[in-house]
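Chains as they are written, first to last, in the working numbering: chain A, 1 to 385; chain F, 1 to 594.
Simulated from the structure, these hints should not be mistaken for lab results.
Every value quoted in this text rests on a predicted model; they were computed, and no experiment measured them.
Beta carbons are placed, not taken as given, at the ideal position from N, Cα and C, and that holds for glycine.
Keep in mind that a hint or two might mislead.
If you only want the chain A side, here are some residues facing chain F, beta carbon under 7 angstroms, derived [claimed, not checked]: (1) Ser76; (2) Val128; (3) Cys255; (4) Gly326.
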Amino acid sequence: MDNLFQHYEQKLAESGIAETGATLMGVLDADLEWNRMDPLCKKLTPLFDCLTINSLLLIVPAEPYRSIIRFLAETSHGPIQPQDCETRTFLHDIPVCRDLNPAAISSCLQIRKGVVTPDYGIVTHGSVSIEQAFVSCSSICFASFVKFFSDYLSLAASGGLTGPHRRLFEKVWGLIDPMPEMDSTLLEGPFQTEFEVRTAMMEAGSATVKKRLVDSYFGNISYCCDEVLYISQTGSSLDDLEHCIDPCPLDESSCASMTASSELPAHFEVIKQTGARAILHGHPKFAVILSMDCRIADCPIKGECYRKCDRDRSVCGVPIVPGEVGSGPYGLCNTIPKALTGKSGVIVYGHGVFTSGDTDFNDPFRRLLEIENGCRREYLKRVEE
Amino acid sequence: MKPGKDIFGWRGKYIDIDLNAGFYEVKEHFADVLLKFLGGRGLAGHYLRNTIRLGWDDPRTPLLFFTGPLVDTPSPTSGRMTIMSKSPLTGTIGDSSVGGTFGTNLKRAGFDGIIIRGCSQFLCGVEINDGGIHIIDASRLEWLETGPCFSALAGKGSVAVIGPAAENGVLFSNIMVDRRHAAGRNGLGLVMASKNLKYITVSGTRKTRVFDPEKLKKANEDVFRLTAASPFISGKFGISRFGTGALYDLMDSRGMTPTDNFKKSKFSSAREMNAFAYKKRYGSGRTGCSGCHIRCKHIDRMGNSLPEFETMSHFSALLLNRDIGIVAEANRICNETGMDTISAAATLSCYAEISGKTLSGRNIISLLTDIAKGQGEGIELGRGSARYAESKGRSETAMTVKGQELSAYDPRGAYGMALAFAVSTRGACHLRAYPISHEILRKPVATDRFSFAGKARIIKIAEDLNAAADSLTACKFVFMAASLEEYAGVFSAVTGVETSARDLFEIGERICYNERIMNFANGFDAADDILPDRFFRKDADDSGQTARPIDKDAFLKTLENYRRVRGLTGSGRPDPETAKKLDLTLIPDNTKHG
Ligand SMILES: [Zn+2]
Chain A
1 MDNLFQHYEQ
11 KLAESGIAET
21 GATLMGVLDA
31 DLEWNRMDPL
41 CKKLTPLFDC
51 LTINSLLLIV
61 PAEPYRSIIR
71 FLAETSHGPI
81 QPQDCETRTF
91 LHDIPVCRDL
101 NPAAISSCLQ
111 IRKGVVTPDY
121 GIVTHGSVSI
131 EQAFVSCSSI
141 CFASFVKFFS
151 DYLSLAASGG
161 LTGPHRRLFE
171 KVWGLIDPMP
181 EMDSTLLEGP
191 FQTEFEVRTA
201 MMEAGSATVK
211 KRLVDSYFGN
221 ISYCCDEVLY
231 ISQTGSSLDD
241 LEHCIDPCPL
251 DESSCASMTA
261 SSELPAHFEV
271 IKQTGARAIL
281 HGHPKFAVIL
291 SMDCRIADCP
301 IKGECYRKCD
311 RDRSVCGVPI
321 VPGEVGSGPY
331 GLCNTIPKAL
341 TGKSGVIVYG
351 HGVFTSGDTD
361 FNDPFRRLLE
371 IENGCRREYL
381 KRVEE
Chain F
1 MKPGKDIFGW
11 RGKYIDIDLN
21 AGFYEVKEHF
31 ADVLLKFLGG
41 RGLAGHYLRN
51 TIRLGWDDPR
61 TPLLFFTGPL
71 VDTPSPTSGR
81 MTIMSKSPLT
91 GTIGDSSVGG
101 TFGTNLKRAG
111 FDGIIIRGCS
121 QFLCGVEIND
131 GGIHIIDASR
141 LEWLETGPCF
151 SALAGKGSVA
161 VIGPAAENGV
171 LFSNIMVDRR
181 HAAGRNGLGL
191 VMASKNLKYI
201 TVSGTRKTRV
211 FDPEKLKKAN
221 EDVFRLTAAS
231 PFISGKFGIS
241 RFGTGALYDL
251 MDSRGMTPTD
261 NFKKSKFSSA
271 REMNAFAYKK
281 RYGSGRTGCS
291 GCHIRCKHID
301 RMGNSLPEFE
311 TMSHFSALLL
321 NRDIGIVAEA
331 NRICNETGMD
341 TISAAATLSC
351 YAEISGKTLS
361 GRNIISLLTD
371 IAKGQGEGIE
381 LGRGSARYAE
391 SKGRSETAMT
401 VKGQELSAYD
411 PRGAYGMALA
421 FAVSTRGACH
431 LRAYPISHEI
441 LRKPVATDRF
451 SFAGKARIIK
461 IAEDLNAAAD
471 SLTACKFVFM
481 AASLEEYAGV
491 FSAVTGVETS
501 ARDLFEIGER
511 ICYNERIMNF
521 ANGFDAADDI
531 LPDRFFRKDA
541 DDSGQTARPI
551 DKDAFLKTLE
561 NYRRVRGLTG
571 SGRPDPETAK
581 KLDLTLIPDN
591 TKHG
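Throw the hints in and build the complete structure from the sequences for me.
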């Protein structure tokens, strides 16, 4: 169990969402074990009796998330309601509890992935693994970040900002990660063997995580070689792909990639329609924030922009398209390939960025950085306007 | 939770038929029984309990057909029901969840279930429709295969029928429903044959009432959205497009294909015998149970069922057969004669190991035919691999738990699956907890398939979930995408009973514990929750084609943890405190394997 605890303490530290040393993890099999003893364990233990779970995670968010989440919790008057894709499909909303009262926390956790308590932090749970709790924490931080900056931008546009809000924004802006830069080149393609493909995917995946371009729920990555599309598995971490790449023959003669990323249909179509070989998908925050910055009042599809918006939108010259995960009528596989034809990057409304390249991951990775950094500059410009 | 005054979802009534007397009664459930056991597997278990110490062939032992409250409503994947009795194959409780339209028709005829007791003087059929319940002479169908029976009974609604295998005493005989759906495992067909009952038909026209149709519509949308986003169900390579056979490639890629009677875990011809190959050769028609949008059942150009994953795997790799045509033919024979494909194939592979030869395609077909006809070597093989191997002094070659053959997942490749096989209340069964969901399919997230860490509790919780699913009833596959959260919403909308996921889990726990109590009353204890020794042996094979053996000490430790989480004593005895907490009582006294 100690290995497991260490693994997640390290993951939390690397992702920059949790204050190190303050995390509490409890895992229940026949017995309940905690990563360390803390007076709060006593408050959390009853949750195992009233929820059908086997793990609990309490993190104290690191800055800037701490200030952001505290602000959202104090001003939400009820659950925090972000509008991004992550929240829509996964979190629904983020309930807020004033303190660590087990009954109140458990009634939130019965229907939600996690709960925010301004004075203690974020509590999340898992029904089969602490991994679920980690993913939920990460999602909550991502969604809160996106909501904070989205709200600020629309208030700035409508002239509704107050002095304290401005000062908080300035403080938080000073605390966010510096702009990521490409500091070395990745392996050069085209790759000829399965081994080369896997090595390159692992390298590019790690780089994407290291630059925090997939803060939240996993991105995905693929490469096509010899009529086989190699793609990361569903729910795999891009920095841990060694056993998590599925081969998917383009003639669909094997179902072995049933465990591939749920965005396989989109990757598949991009490869087929654009001739690209390498695809990278991440969730960089400012691209997501700007993709939702639409000032059209009284739009007839309001509330369904994420899948129905048919306006020609773009930011920094990068097209913004709607689309849902999967192969349904509003599936990303219908919108992304078109947008990536003759282009190397596309932003999906409220969700993330897809980039592609013809030989290896250098172009897609560079493009992902450019788009995110461009969007960050553009964000500040729009706020200052 | 409390029931409303008026009944929604359930019909509140069941039929109790006594074939000795040729007499039936329509009965109402006692007030709290529905809320305690829901329906399907839970309710059948409740009604089985009082007679559980009798032999499977005792006329007083009931054969139960039970549906759940969601059946015959627009709830997603609700077309299933449970058939239950005492298992001739294992001596445990015996049950099978089966699709088709039987459950839907039964509800429309106005009933939640049928209990059949006694033994008819003559080979009979039971016909149920809006007009009443009739016991009919079925001697014209004696020894007839299931296909001709279905044709002969066309127009009478949904049909459940046994084939010649059951009439010839095969311990793993099935009940076939609506031509394509098998109530497999455990030998329930033989219980039906012991009652001199060849078939049951049911048709009805009175639609089950739903408490809040608008709320149900909304609750259903959540389920549809989640299944649409599930790669396993709706994805490019999911079961909707390829049938359960889609798993064949996946098991191959994970080195988990039971090969040559579980001596190996990798089959060199797997790539040529996958779902894609069947599609190419036989076409790709689809059908499904009533009330299901997933429609995972695949049929050929003539409308015949194509083999399910387990059948594809065991009739190829387990027997070293490289001919797809033989798999399809074996599947056809099993369905026509009414035999469980998993047990049939595994018994043949046990036979092959003992006789020291690889069976040719022709051998496979002729032995299957002999089993179904009860002739030649087929007589002994029809008793299943555990009894067959024991009679030859070679028990170590029977790949069984509690006398039932393992399905097509090598437990050495997924330790949760190893545990789940061992602790299942109906003998080796992959569906009781289906840990393949997280160990292989990565849902809701991936767990380490080569580790026992956390698995005791994970398996217990999954067993409770699936017991609830089998009782609602809903298809277990839908829970690869949705959860009991969504189904609590569906259940509340249908029945008007406010319920949480937590409530449903508790009912699931009660159902599992009730089964544990019944099995213990027949002498099953901790010692029976074990895997064949082959999976622990380090000298099993050095070809590199076999998964690493399981560490037996770690496995036993995990079993111990499981018993603690399940609320059983160290020896596997149900504990009065846990029983009380679940509002159950223990069955006094016990005899070993009664
Ligand atoms: Zn994404």
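A quick look at each hint next to the structure:
1. Ser76: violated, 23 angstroms
2. Val128: Where the cut-off is 7 angstroms and the nearest Cβ of chain F is about 5 angstroms from Val128(A), the hint holds.
3. Cys255: With a minimum Cβ separation of about 4 angstroms from chain F (threshold 7 angstroms), the hint on Cys255(A) holds.
4. Gly326: OK, holds: Gly326(A) within 7 angstroms of chain F, min 5 angstroms.
The structure is inconsistent with hint 1 alone, although it conforms to all the rest.
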